[in-house]
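Undergrad: This is what each chain is made of:
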Amino acid sequence: MSSTYVELRPGAYADSVALLQVSRSVQQVDGVLAAQVAMATALNLEVLAEMGFDVPSEATTNDLVVAVRVEDETVLERALAAVAEALAETRRRTTGGDVDLAPHRTTATALREQPGGLVLVSVAGRHALVEAMDALDAGSDVMVFSDNVPLDHELALKRSAAERGLLVMGPDCGTAVVDGVGLGFANVVRPGPVGLVAASGTGCQQLLALLDHAGVGVSSALGVGGRDLSSEVRGLATREAMRRLDRDPAVELIVLVSKPPADDVAADIEEYAATLATPVEYALLGPGRPDLTAAAEAVLRRLGHAVPAWPVTGAAGPADGVIRGLFVGGTLASEARLIAGTDAGHTFVDFGDDEYTAGRAHPMIDPSLRLEHLARAAADPATGVLLLDVVLGHGAEPDPATLLAPALTGLGKPVVIAVVGTTGDPQGLDRQVRALADTGAEVHLSNAGATRRALELVGGPL
Amino acid sequence: MTTIVNVGADLFADAVAGQAVDVERVDWRPPMPGTEADLATVAADPRRQDANRRALEAVLGVTARLVDVAPASEVLGLQRGEFLHAGPPIDWARASGPLRGGLMAGAALEGLVEDPEDAVALFEAGSSVSLEPCHHRATVGPMAGVVTPSMWMFVLEDPATGRRTHCSLNEGLGKVLRYGAYSPEVLTRLRWMGDVLGPLLQAAVRASEPVDVTGILTQMLQMGDEAHNRNRAGTLMLLRDLAPAMVRSGLEVADVAEGMRFVGANDHFFLNLAMPACKLALDAARGIEGSTMVVAMARNGTDFGIQVAGTGDEWFTGPAQVADGLYLGDYGPDDANPDIGDSAITETAGIGGFAMATAPAIVRLVGGTVPDALATTRRMHEITLGENPRWSVPVLDFQGTPTGIDVTRVCRTGILPQINTGMAGRVAGTGQVGAGLVTPPAEIFPQALARLAELARATSSS
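Just so you know, the sequences run in chain order A and B.
The first sequence lines up with residues 167 to 628 when you count with the numbering used here.
The second sequence lines up with residues 3 to 464 when you count with the numbering used here.
Since the hints were made in silico from the structure, they are not lab data.
Ideal Cβ positions, reconstructed from N, Cα and C, are used throughout, including at glycine.
Heads up, a few of these hints could be off.
Stated by the list, open to error - Derived, one-sided and incomplete: chain B residues facing chain A with beta-carbon distance under 7 Å:
| hint | residue |
| --- | --- |
| 1 | V9 |
| 2 | L13 |
| 3 | A17 |
| 4 | A46 |
| 5 | W94 |
| 6 | A95 |
| 7 | E384 |
| 8 | T415 |
Said to hold, decoys possible - These stretches of chain A come out as covered by chain B in the derived footprint (C-beta under 8 Å, 3 or more residues):
| hint | stretch |
| --- | --- |
| 9 | 268 to 274 |
| 10 | 282 to 289 |
Could you put the whole structure together from the sequences, leaning on the hints where they help?
TA: Structure, rendered in C-alpha cells:
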C-alpha cells in the first residue's frame, strides 16, 4: 500500500538546480515511488499536482515542499533521511581552510575575502541587481547569468559599471571565457588571436566550436546580454568589452556576435570600433545576413586561415513533412528559423526562453522538458524531420547523449542534430557525437549545416 | 586568474572549480518577504555607496573623551517635571512595568511625590510631567534610562568637533532604578550618588586630563569585556585614571574611599561611558542622505526602535522581544519584561553582542558557548558595512569589530543584530531578573528600507 507524505518547510531555501539534485537522489532510494523537493513556486506546485501530491494551499514561494510517495510507511524514514542528507550536501562549504566557517551570505561580504574576484550571479532575475551591484561597489566585474532581469535593473547596473570602468556581462549572459576560464556554459578553447564580444550565449558557443575545429584559438569571450545593443541599453557593455579586448595584446581580431543592433546603436558601435587599434569583425545574425557558420568562415579568412569542411557524422534519410526544431540554445533556434523559414510550417522551439525557464532550470542543465516534447513531436504525423541541438561545455549536462539517445531510438522519424562543442569539452565531443549517431541520427558541428540538411531531407528549397 | 565569487546555482561554481580555479560560494537565500523591489531601488540609488562610505568614516573618525560630570539640569537644561527615558517615544499608558517603576523612582527623587507609588496618579494625569526619549537630548540611558534634572551625568566630547553626549551614572546591579525598582534603598543610593559620587567624579574629572573613553574601550575589548554585559576591565581602568585626582579632591576621605569602593565594586560602571561614546560616534553619521546605516537601536520596554542615517530622526518601531537567557534566583521567563534600554547603542557601534567573540568569560551568562560567541561576531560582519580598526578582537586574529549595521544587508540575509542584554522584571519595582540575548523585531528593517526606497525614488525623480 503506497503512502504519500507532503511537508512544508517555511524559510528553508535552496536554488532550483540544487533541489533538482536533491529530488533525484531521493528518487533513487529503494522503495521511493516518486519524490519532489522544490520551492513552492506556481510552476512547481503545478508539477507537484500533476505528480498527485496535495500541497497545502498556504504554501508560499518562500516555502520548501518535500513531497514523497513510498511503497509503504517503512520507507518514509529512509526517504526523509535522504532528503536531509542531500539538502545538507547543498549547504556544505567546499572552499576554505580547515576551519568550519559559515559561508558568506552576500556577494559584498564574500568579496571582502576575495578582493578583485570576478562575480558570477545566477540567482532569480528579480534578485540579481542587488548581488551584481555588490560586485560593482567592490570594483569587480560581474557576469549575470540570471534571466528575467528587468530592463531598468540592467540599465542601472550598466550605467554604474560604465562610470567605474567595470564590465557587466549580461543579464541573460550564458557564456563567457575570461582569462582562459569558462564561465556559465562555456566550451574549452585554446588561447588564440580571436576576442569575442557576444550578445548571445549559444551563438558565442557555436563560434567557439567552429573556430576550435578550424584550429583557431580564442583568448576571451565576453558576454554582454541579449539587450545590450537595443536602443535602450545602447551597447554600454559592448563598448567596455571591446575596450578590454583592444587592450589585450593577444587579441588580433575582435568579433562581435549579436542580433543586428538597433540602427542608431549600430552606427554608434561602428564609430566606437573605428577608434580601436584592433580590427572588428561583425557576426550579426538576422534576416538576409550571413549565418554563424558563414561568420566563422569570414573570421578564418580574415585571419588568413584555411576554412575546413565542417564535420558530419551519420546520415539521416529523407522524409515528408515539416521540420520540428526543438532547441536548448536560443540563438541556435533563431538561426535555424532564419535559414529554414516558417512559411512551410516548420517550427522552432527554444526551451531556454524565459517562458520555459521561469521557476525552473535551463534546459542545458535539466533536459526533461525537451525530452517530454520530443516524443510528442515525433508522434505528430505532420513531422518530417526532428532538428535538435546539443550544447557541450562547462556547466552543461555531464552526459547529454546518454539521456537523449534512448529517447531518439525508434522514433521512426529522421533526426538531425547540431552538437556544439570542442574536443576539450568535459563531455567528450567524439563520444557524444558517436552515441547520437549510433541512434541513426545525423550529427553536425555546424547548426546552419544541420538546418540546411533538415531542409534538404524534407525537400524544401535550400 | 583571480578567484570567482559564485552567487546562485552551485553548478556554475562546480564548473569553475573543475577548471582548478578558486571559487568562493555565497550562501544566498531569498531576502525578507516583500523587500525585493525596495532592495533593488536602494541598491540602484547612486548616492548609496558614497553615503555609506562617508557614514562609516564619520563614525570611525570620532573619539570620545570624558570632559565633565554635572547634573542634568545644568548640562541638558532639564526642568522640574521633565523626564527622559530609554528607547523611542512612548507615553505612560503604554509604558511597561520597569519604565513606570523607573519614572516613579525619578519622581520621588525629584521630590514631586513623597512615596513613589503616588507618582502613578501624577503620570496618569500628565499635566505636570513630560516624557522624552534620551536620544532626542544627546543622551543615552541604560534599561529604563530615566533621567531627571538632579541626576549627575557623564559629559563626553569629540575633541575634533566639540559635539557632546551624556549618560547618567551607573547604580550597580540588583534593585536599582534603571531596572524599575523604587524601594527606599534605591532612592537612598540615588541620593548618595547625587550628594557624594557626582561631586567626587566632577572634581576628579575637572582636575585630570580628559579621560580617553575610546582608548579604554580599545583596551577593554582586549581584556575580555564586550562593553555591554561585561565592563569589568573598563571600570577598573577608569578608576585607575581618576583615582589620583579623587584622592586629591579635598573631599572627605571617607566619601572618597566610599566613592572609589562603589565604582570599583560595580562591574557595570563603565557601561555608562561606553554607551555615550558609541552614541557620540554614531551621531556623526546622522542625516547623511542615501546612507542605509543604522545610527541607533533603542528600546523602551514596549517598542524596539531604530533610526537610520539616511532617514533623519524618524523611528522605525516594532514590539520589543523578551530576551533568551539565564534568570537570577527563582525568576523565570514569565517574570521578564520585553527588552528595554538604550544600551543597544553598543551593538549599533559594533561592540556588545557584536564583539561577543572577545568576551568568552560571559558567554555562559547569556546562555551561549564559546563557539557560539565566535560565530556571532563573524555573523555580524555579514550585516555591517565595515570594521573598526581601533576596536579589534584578538581571538579573531585582531579583526576589527563589525561596524555600521546596513539595513539592506539585514533585509537581504534575514540576519538580525545580536544584542546582549539584562532583563528587567515585568512588574514595576522588581529590579533585574536575568541576562541574555535578544534581537530586534525583524519587521522594523523592511520598514526602514521602504522609507529609504521612497526617498531614493523621490531623489531620482526630482
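Undergrad: All hints are to be evaluated individually against the structure, with a verdict given for each.
TA: Verification of the hints:
A cut of 7 Å between beta carbons decides the hint on B:V9: the least distance to chain A is about 5 Å, and the hint holds. Because the closest C-beta pair between B:L13 and chain A is about 5 Å apart, less than 7 Å, the hint holds. For B:A17, the suggested interface contact is upheld, since its CB lies about 4 Å from the closest CB of chain A, less than 7 Å. Proximity of B:A46 to chain A holds as hinted, the smallest CB-CB distance being about 4 Å (cut-off 7 Å).
The criterion of a C-beta within 7 Å of any C-beta in chain A is not met by B:W94, whose closest approach is roughly 38 Å, and the hint is violated. Because the closest C-beta pair between B:A95 and chain A is about 36 Å apart, greater than 7 Å, the hint is violated. Interface hint at B:E384: satisfied, since its Cβ lies 5 Å from the closest Cβ of chain A, which is below the 7 Å cut-off. For B:T415, the interface hint holds, since its Cβ comes within 7 Å of a Cβ in chain A; the closest pair sits about 4 Å apart.
Figure legend: the stretch 268 to 274 of chain A, annotated as covered by chain B; annotation consistent (7 residues with Cβ-Cβ distances under 8 Å, at least 3 required). By the rule of at least three residues with a Cβ nearer than 8 Å to a Cβ of chain B, the coverage given for the stretch 282 to 289 of chain A holds, with 8 such residues.
Hint compliance for this structure: hints 5 and 6 are not met, and every other hint is.
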